[in-house]
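For what it's worth, our numbering labels the leading residue of the sequence shown as 1, then goes sequentially.
Some hints could be false.
As a list, the in silico SDA-like pairs of lysine to any residue whose alpha-carbon atoms are at most 25 Å apart [what the hints assert, rightly or not]: (1) K232 - L50; (2) K232 - M245; (3) K69 - I236.
So the derived label-pair ranges between C-beta atoms look like this [said to hold, decoys possible]: (4) S34 - P68: 54 to 62 Å; (5) L222 - Y79: 20 to 28 Å; (6) L109 - T217: 55 to 63 Å; (7) L114 - R224: 29 to 37 Å; (8) A42 - N235: 31 to 39 Å; (9) G197 - S34: 44 to 52 Å; (10) W196 - F231: 38 to 46 Å; (11) P128 - L222: 38 to 46 Å; (12) D37 - T4: 51 to 59 Å; (13) I72 - P128: 42 to 50 Å; (14) P68 - N195: 44 to 52 Å; (15) T4 - P189: 40 to 48 Å; (16) I72 - F107: 44 to 52 Å.
These are computed hints drawn from the structure, not numbers from a lab. No experiment lies behind these values; they were computed from the predicted model shown. In this text, a Cβ means the ideal position worked out from N, Cα and C, and glycines have one as well.
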Amino acid sequence: MKSTVRWWIILVLLIIVAFLGVIVPTGTGEQDLSKIDPGDTAWMLTATGLVLLMTPGLAFFYGGMVHPKNIISTMMQSYIAMGIVSVLWVVVGFSIAFGESIGSGGFGLFGNPLTYFMFRGVGAGTHPDLAPTFPLAVFAMFQLKFAIITPALITGSFAGRVRFRAYMLFISLFVIFVYAPLAHWTWHPNGFLRNWGVLDFAGGTVVHMSAGFAALTGALFLGRRKELKEFKPANIPYILLSAGMLWFGWFGFSRFGPGCQRGSRFCTGKYKYCIGSRNANLDFLRCCKREKTIGCGLCHRIGCWIGCHYAGCRFCKCGVKHFYWRDSSNCKQLCHYAQNQIHTR
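All chains, please: the whole structure from these sequences, using the hints.
In C-alpha cells, the structure reads:
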C-alpha cells in the first residue's frame with residue numbers, strides 16, 4: 001500500500017510539471033539574433049553532444065567494474081540521471097544555477113528560481129554574460145550535460161549499497177541543493193566564489209569536487225558492501241570501451257566550453273591528445289606483462305589524466321601541463337591507498 005501511494009505521488013508531480021510546461025509562457029518575445037555567430041553555435045552544439053556521450057561512457061565504466069549481479073542496476077543509475085536531471089534542470093535547475101543572483105555586492109548565493117522557470121525566456125536570443133555569441137538555449141543545454149554527468153559520477157560509490165528509488169531521490173536533492181548553487185557560486189558572473197578569484201574552466205570544482213565529496217560521504221555513511229570478498233571486475237571490455245567514450249567526450253567537456261578562443265581549439269586539443277596518448281602508451285608498456293585485469297588500472301589512469309585537466313585547461317601554460325599529466329597517476333595511487341585504509345570498498 002505504501003509503495004502504491006509513493007508511485008501515485010510521483011505520477012501527480014509529473015502531471016503537475018507537464019501542466020506547468022503547457023501554461024507557463026515562453027517569455028522569449030522578439031529576440032535579437034544579429035550577434036549570433038554560426039561558428040560558435042556549431043561548436044557549442046558539438047560540445048553538447050560530446051559531453052552527453054560521456055554519461056553512457058560512465059555507465060559502461062562502472063558497470064564493468066562492479067560485481068556481476070549489479071551490472072544492470074549500476075548502468076541504469078547513469079541512464080536514469082539523464083531523465084531526472086533534465087526535468088529538474090528545465091523546471092528550476094537552470095534558474096538556480098544561472099538565474100538572477102540573490103545576494104548583493106557580488107556575493108551571489110544562488111539564482112532566483114523564477115528567472116528561467118520552465119525555461120521561460122530561454123530561446124534563440126543571446127545573453128550578454130552567459131552566451132554572448134550563441135543562443136541562450138544552446139548554453140542551457142550545454143550546462144545541462146554537466147548537471148547530468150555530475151550525479152552519474154557518484155554512482156560508483158553507491159553500487160551495491162543503495163536501492164534504486166533512494167538513488168533517484170538523492171540525485172534530485174543533489175542537483176537542486178548542491179550542484180546548482182555551486183554552479184552559481186563558481187560560474188555565474190555574480191557568484192561569490194568567482195568574484196573571489198576562483199578559476200574553474202570546465203568543472204574541476206563544480207563537477208568533480210562536488211561529486212567526489214558526495215561519493216566519499218555516501219560511502220562512509222553507508223559502510224562496506226555486503227560482499228566482503230574481493231571480486232574481479234565484471235567485464236573488462238566494458239571498461240576499455242568506456243575509457244574511449246570518456247576520452248572522446250572529454251574534448252567537448254574541456255575545450256569546447258564557453259569562452260574558448262577559436263584559434264586555440266584544434267591546437268590545444270591536438271596537444272592534449274598527443275600528451276595523453278604518450279602517457280597511455282608508456283603506461284601500457286609498463287603493465288603489459290601483468291595479468292589482464294591491469295586494463296582496469298590503465299583505464300583508471302586515463303580517467304585521472306582526463307579529470308586533472310578540467311579545472312585549469314584554459315589557464316595553465318603548456319609547460320605546466322606536463323607536471324599534472326605526470327602526477328595525476330600518483331594522486332590516483334594515493335587515493336586508492338586512502339580508500340583501502342578507511343575501508344570504503
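Here is what the structure says about each hint:
For the suggested pair K232 and L50, the alpha carbons sit about 30 Å apart, so the restraint of at most 25 Å is broken. Our distance criterion of 25 Å between C-alpha atoms is met by K232 and M245, whose separation comes to about 22 Å. For the hint linking K69 to I236, the alpha-carbon distance of about 15 Å falls within 25 Å, and the restraint holds. For the hinted restraint 54 to 62 Å between S34 and P68, the CB-CB distance of approximately 57 Å keeps it satisfied.
Roughly 22 Å separates the CB atoms of L222 and Y79, a value that falls within the hinted 20 to 28 Å. For L109 and T217, the hinted distance range of 55 to 63 Å is not satisfied, since their beta carbons lie about 22 Å from each other. Between L114 and R224 the beta carbon distance is about 44 Å. The supplied range of 29 to 37 Å is therefore violated. A42 and N235 have their C-beta atoms about 36 Å apart, which keeps the hinted 31 to 39 Å range intact.
At about 34 Å, the CB distance of G197 to S34 disagrees with the hint of 44 to 52 Å. Taking the beta carbon of each, W196 and F231 are about 45 Å apart, inside 38 to 46 Å as hinted. In this structure, P128 and L222 meet the distance hint of 38 to 46 Å, their C-beta atoms being roughly 45 Å apart. Separation of D37 from T4 is about 53 Å and conforms to the stated range, judged on CB atoms against 51 to 59 Å.
The hint said 42 to 50 Å for the Cβ distance between I72 and P128, and at roughly 46 Å that hint holds. Between P68 and N195, the C-beta spacing of about 49 Å keeps the proposed range 44 to 52 Å intact. Between T4 and P189 the beta carbon distance is about 47 Å. The supplied range of 40 to 48 Å therefore holds. Under the hint 44 to 52 Å, the C-beta atoms of I72 and F107, about 45 Å apart, fit the expected range.
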